[in-house]
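Number of protein chains: 2
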Amino acid sequence: MKRLNSVPKADGFRMPGEFEEHRGTYIIWPERPDNWRLGGKPAQHVFVQVANTIAKYEPVTVCVSKEQYSNARHLLADNVRVVEMSNNDSWIRDCGATCVVNDQGEVRGVDWKFNSWGGLVDGLYFPWDQDDKVAQKMCELEGFDSYRLDDFVLEGGSIHVDGEGTLMVTEECLLSEGRNPHMTKEEIEKKLCDYLGCEKVLWIKEGIYNDETNGHVDNMCNFVRPGVVALAWTDDENDPQYARSKAAYDYLTSETDAKGRKLEVHKILTPKPILITKAESLGVDAIDGTLPRQEGDRLAASYVNYYTGNGFVAVPVFNDPHDQLAIQKLQELYPGRVIEPIYAREILLGGGNIHCITQQVPRGNRK
Amino acid sequence: MKRLNSVPKADGFRMPGEFEEHRGTYIIWPERPDNWRLGGKPAQHVFVQVANTIAKYEPVTVCVSKEQYSNARHLLADNVRVVEMSNNDSWIRDCGATCVVNDQGEVRGVDWKFNSWGGLVDGLYFPWDQDDKVAQKMCELEGFDSYRLDDFVLEGGSIHVDGEGTLMVTEECLLSEGRNPHMTKEEIEKKLCDYLGCEKVLWIKEGIYNDETNGHVDNMCNFVRPGVVALAWTDDENDPQYARSKAAYDYLTSETDAKGRKLEVHKILTPKPILITKAESLGVDAIDGTLPRQEGDRLAASYVNYYTGNGFVAVPVFNDPHDQLAIQKLQELYPGRVIEPIYAREILLGGGNIHCITQQVPRGNRK
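Top to bottom, those sequences are chains A and W. Counted from 1, the first sequence has number 93 at position 93 by my numbering; the numbering is strictly sequential. Counted from 1, the second sequence has number 117 at position 117 by my numbering; the numbering is strictly sequential.
Be aware that a few hints might be false.
Copies of one chain are not kept apart here, so a pair can be met inside one copy or by any two copies together.
[What the hints assert, rightly or not] Under the rule of at most 27 angstroms between Cα atoms (straight-line distance), these lysine-lysine pairs were calculated in the DSS-like manner: (1) K41 / K66; (2) K2 / K41; (3) K56 / K2; (4) K66 / K113.
Hints were generated in silico from the structure; no laboratory data involved. A quick note: this is a predicted structure, and the numbers were derived from the prediction, not measured.
Here chain A stands alone, though its shape is the one from the complex (with noise of 0.2 angstroms):
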């Protein structure tokens, strides 16, 4: 498939919205014992339970390492296709494509530059060497031209757009020293619309607390459809999360979206603290440049981090008091969807949650 050295808006293409119609889904799966307590096996049972969760609504390919391929495909449901792919982590929604579509319905990929969210500034580990090539084996796969981006680092999680010309990001990700410190806030911007589609971008602070992709958006918030956005939310005004949540919302509810609308923002309430068990540090491998897990470290849990699929939100559940509360809200701002609670504990563990892991692939027609 061809490389593009052209710019996807002037080509008339176009990031839709996670919540227009899929052809599919794309998963990695995790093994890496040093990111993974007990070698990776009870997240790959999670990871089942999302890939398996998902390919009732949409086609899923989970992507797998050689020496994990057998296990996967032992483990995953009959619908779902396995494949192989080299990776250093499970994070698709950061190292895959983003694609985008035109008007005749043609799909092609964007592949940033990936740096394992900081590069050697504050990278979480390397190399990286095999993530930066998931993009294009990606589109490879589904028969995708591609956009290669060799001047600028992005990662998919710090990005949200609603497919009619908005995009919102974090300063904090956005404007971090590990990824584009040699452009303006101004260069960056046109960058994005550039080969987003977009006409305006919303520069939200920050996401949310300790969380070790510098704030990703996709963790802090989301576009339920044009127009309206879902927060991460506490009213604990003790919390460390508090006054980033508030920056976010008193910054959405002052903006418009690029066609003049104001948001309508509505809080979804974090789970209460969740910090790493003495037992769950030790089933993590200690090495050398990879991000350690340690006892007591606060992860960075939030509900707004769900997956808006065909007829469906899979959304990360921790057990805790206001699961329910996020459950109820999202089924009352996706009316049409099927809410699918996931415990994700695990995939939390790793560093993100269920819509870190998912990458979609828009619908289009097929060549």
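Got chain A; can you put chain W on it based on the hints?
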């Protein structure tokens, strides 16, 4: 995708003739330096030519190890799909899925047990664990359910069918000690008919002289169409190939196919004996357990190792006076197809030819 325990013939499935319409072609990228000289570079360039030529006529997928992925993607034409797949070598005819179809156009894979052409008896390298997973991975990529045989060793190059109930094999290969010594000829015949949807097996005695595959039929003869066979031939009675071709000719012309038709057998003169040169031999790593490539060894060169696809026939040529004869003869036999000659000495040096490095996926309705 599902692993099936039933039997293709009982399920209404048959292997179509290679000359029937294809959905596409699979190829594996060559790289192992103990089989392909000079680190595989000369062979890779010929594989590129084969892939790019076929891609003019039908979709081509090239399967590549993670180490060679970027190099292969760089060298192959844009319209070739490149996917990651571990392997032990590049003979997808032998380790890939044998596709079967039913009358509704559904396609399934047959995943034979693969043991490197003879396992611990006279196999060509060790281990062969990744090769034995290629058929399943190919089926996953295509979304096909597959029949796995854990109790029956077979390579795709050791069979040819006419799509109407007739199968050709060689006794030299199918009855070899390294395949299925626990089974009688009758048991093998039944297994073949059950899994390929055939009624009659034509047992040719031997294949091409000094063929390291124990005389695969696909280097010796091929069904042009039902009732018509192309056979490798030499007029030189002093050539050890003569008795082999003569025996096959006498046998085939005395036999009928599954439909009761007499067979029309066309002789294709082989090139003059082709020997490995000293320079070629010196380019191959010497590794214990891998068949060595020694100066002066005679290669199993045959034009019959051609590949038939949608509107074309890709035929190996050797810079030999018989090249033009073979091309002319094949053009007569395939009046509706473009004959695509490819100089293929580099593939031959690795132990096979164009048919051995290709595997067709027959047409059928997409699910």
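Okay, the hints, checked on the actual structure:
Both within a single protomer and between protomers do K41 and K66 lie at most 27 angstroms apart by alpha-carbon distance, with minima of 16 angstroms and 24 angstroms respectively. When the C-alpha separation of K2 and K41 is checked against a cutoff of 27 angstroms, the pair qualifies only between copies, where the shortest distance is 23 angstroms, while the shortest distance within a copy is 37 angstroms. In this assembly of identical chains, the alpha carbons of K56 and K2 lie at most 27 angstroms apart only when taken from different copies (16 angstroms versus 32 angstroms within one copy). Proximity of K66 to K113 under the C-alpha cut-off of 27 angstroms is found in both arrangements, the shortest distances being 24 angstroms within a copy and 19 angstroms between copies.
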